[in-house]
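**Student:** Read top to bottom, the protein sequences are chains A, B and C.
One point on numbering: in our numbering, the residue at position 371 of the first sequence is 371, and numbering is uninterrupted.
One point on numbering: in our numbering, the residue at position 85 of the second sequence is 1085, and numbering is uninterrupted.
One point on numbering: in our numbering, the residue at position 245 of the third sequence is 2245, and numbering is uninterrupted.
No lab work stands behind these hints, which were simulated from the structure alone.
C-beta: ideal position from N, C-alpha, C; glycine also.
Hints are all accurate, no fakes.
Computed Cβ-Cβ distance ranges for the label pairs, DEER-style: (1) A/S498 to B/D1088: 43 to 49 angstroms; (2) A/K517 to C/P2191: 25 to 31 angstroms; (3) B/E1099 to A/V41: 35 to 41 angstroms; (4) A/E93 to B/D1100: 22 to 28 angstroms.
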Amino acid sequence: MSKKEDLAAALRQWEDGPVAKTISRFPERMKEFTTHSGIPVKRLYTPLDVADLNYSESLGFPGAYPFTRGVQPTMYRGRFWTMRQYSGFATAEETNRRFKFLLEQGQTGLSVAFDLPTQIGYDSDHPMAQGEVGKVGVAIDSLADMEVLFDSIPLDKVSTSMTINAPAAVLLAMYIAVAEKQGVPMERLRGTIQNDILKEYVARGTYIFPPKQSMRLITDIFKFCSENMPLWNTISISGYHIREAGSTAVQEVAFTLANGIAYVQAAIDAGLDVDRFASRLSFFFGSHSNFFEEIAKFRAARRLWARIMRERFGAKDDKSCRMRFHTQTAGCTLTAQQPENNVVRVTLQALQAVLGGTQSLHTNSRDEALSLPTEESVQIALRTQQIIAYETGVADTVDPLAGSYFVESLTNEIERRAMDYITKIDELGGAPTAIEKGFIQREITESAYDHQRKVDSQERIVVGVNKFTVKEKQSFDYMRVDPEAEKRQVERVRRLRSNRDQAVVDSALEALREAAKTDANLVPLILDAVRAYATLGEICGVLRDVFGEYRAPDVL
Amino acid sequence: MSSSRKIRVLIAKPGLDGHDRGAKVVARALRDAGMEVIYTGLRQTPEMIVRAAIDESVDVIGLSILSGAHMALFPRIMELLRKEGADDILVIGGGIIPEDDVPELKKAGIAEIFGPGTPLNEIVEYIKKNVKV
Amino acid sequence: MDGVLAGRRRHLAKLIALIENEDPAAAEALSLLYRHTGRAHIVGITGPPGSGKSTIVTRMTSEYRKRGRTVGIVAVDPSSPFTGGALLGDRIRMQEHSLDDGVFVRSMGTRGHLGGIARATSDVVRAIDASGKDIIIVETVGAGQSEVEIIDIAHTVVVTDVPGSGDDIQAIKAGIMEIADIFVVNKKDLPGADKKAAEINTMLDLDQNMGQWRPPVLLTNGRTGEGIPELVDKIDEHMVYLRESGALEEKGLQRSRDELHQIMEYRLTQELLSRLQGRPEYEEAIRKIAKRDDDPYTVAQRLIAEFLAGFSRQV
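Isolated chain A, as found in the complex:
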């Protein structure tokens, strides 16, 4: 008998003997154990579970194809992940202050949250903006606001991630213009724009234009940056929001990568060579509750993307196959009940992301189930990352969980199931078509409903919510956005419109309008408009006129 067969026999003996005896005395907690995605979790994993694992094919070395173990040879031994807390609220002054606070507290990168009117291309005095200005992020109506936002922040020294999608080109242009005024040329700028419209249609809702025109803007940005901004991440293909909308970990990987495939294809169809833009694509995942599933998920995603880029798109450069990603701890797992518990959840989720090899990390604050974070809360969130980095030693070796029979099995299984979904989506005609048919939305909502029913039936436990509850004391001092902020911002944008050179603005907007009707690259024209202090609403208004607005098929 081979060693494998010996082991198999011994395992059976162990199951039939000591295990059976133990179970007869006290049964296991559940009949079946599964991850959140429904992947069965066995009692024990052994070398048998990874017997077919070929190290060089499936794992390889950090920084080398297929990147399972990490995108960089030295990973955190060289440099910790970027500690990048998503923040923004009220007007540019308040947010600028919060940025400075976070940088002083040791954050190593900026991440900008914009309010909903800004994300949807409306100025703060638009009727649809009423009540929304500055509430979920900072209100930015023009370059003037952007200048205040980054006041005294040297753009050649920080990298900035901007969570902006439909109007990403406008905010990117504003960032470039602010840097110009600081004397920093665009080729030195480091950062990211989220710029991922497909997930907006599916899970996040801040879309403006229809799919074809949105893809055009995205590929315009890819082109512009490939020629002018070698250090800039042109897109952050996001799974976080898909997960927050209720998907499983497997679906998070599958739908994100399916969207990624659509973007790569769109860029190729627009005439770009894959190796010219693919290395600047980046990704964004959540870090949810099931500890090992999440770690395995990150590794599976890296390997699957690498394979897709090489085998499906024929990328020659290894860098084109390298999946770099940002992680945020899962907002949907935060509870309003016993908010202090959220610190514990976030700690575990942050650790998962680190053990999974993330490039940058945002940790949620304890109060975020009900509000934007106070300074005190966000400090704790930042300290969480710093404690993991400096005190635990987990960052001292690369991909420490590799070789674990369980983790490698899970990694394989997640990759396999995600690939099945991707194949299904391909059969439907690709992600954009699957979205039009409502397939992705329905899958997400079914998972969300399934989760809620399991919580309601206590099949899934949420501590403090359906078990170990207490009579809540209403003591938490939540952050409130100053209600005057909206008034101030409205006045400000109106003043701006009356104080600028209207002729220059008009001619810039007209040029943009004409170009939008052709297939010219719109980024330089948006830059011109931005420099002339055209407002975000005016620029997006022109594009709305020419492109039309997206009509959601919205599948319930």
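With the hints as your guide, set chains B and C onto chain A.
**Tutor:** Frame of chain A, contents of chains B and C only:
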């Protein structure tokens, strides 16, 4: 309740907030509890919500909002309902709504707010109990 | 009732609620409103899920509005046979008309009724007719073979399909092909659109029983609006045909006959059952039938005879 009498519910997303997980999950739960559910979709103005509620003669309006704009939007919706003589419709809300805001919302006419962590059947039972059939 | 006739939405909506809930006041209201009905052109639209019915309806509505006509829309979705509940998901696709005073949209669940529409749909359409809408579009569930009840309600039935749906066999199955007054192949930008249209035309060529109206096969793109003005034209043409050929009048007579029969049948049965239900002799008769001591045919005959005898005694 006769088999032909169904509770009709409008689930609405007022304002610019694009997070519809909660709205969709509640809609399904209400369907599974035997109700007819109309989901408005995103980016609804108060006028659109009130128009839909009246045309569809709903018994309940469920407002879902996570963007913090509830204090501006919910009272406006209640005002419009009153103007149209439709304020006998039961209006409930959910999403991210701080406890401190609840009293003022109730004063404006919102019957109940269901915060994060509310079990689905609590909402179902509340509706069944409070809708006059 | 004046509210409904004046076209006031709240009153119309309230009346529809009474109709759906089988409130006795509804029947009263409908009988009062009846003479004010018969004006609207009722268009049924049916077709498989995914063929873009809702988008077509929205586009049609825009086109009608451009031509100055008012529109009522009844959108029917299936109710769960287990819970009785329903997700009514058509209104959400008609956002652009949400504040147009010339458009009224009502979502209905089938509430257990098979046939593609709800039992109350016909009365609901009548109420909307009385409120003065020029066009009433009924979007049905469907379409399998049994979702054909729409022909009882609509003057013009539009059947939609999409290219590559692979249901050529389905189309041949009895029901769908025969009820169409107009065929629409939607999503014409997809490959196979012309082929599908050709298939339908071939099927029509083989139809021995066709009358004077040969259903046109139109190609549309619901998303861009291509082909929709032509669809609306054809629907108008169909009404002209119905009038000029006398088919409208004929259908109207048949419909009135059918409806009178239905109502009489329903009420007679209700009347008979109300006299029998709960009576010990009735329950006993049923028990005997179950034990095979008697048979339902004889019992029915006897009960009806008794009922009629009692009736004629009263007369």
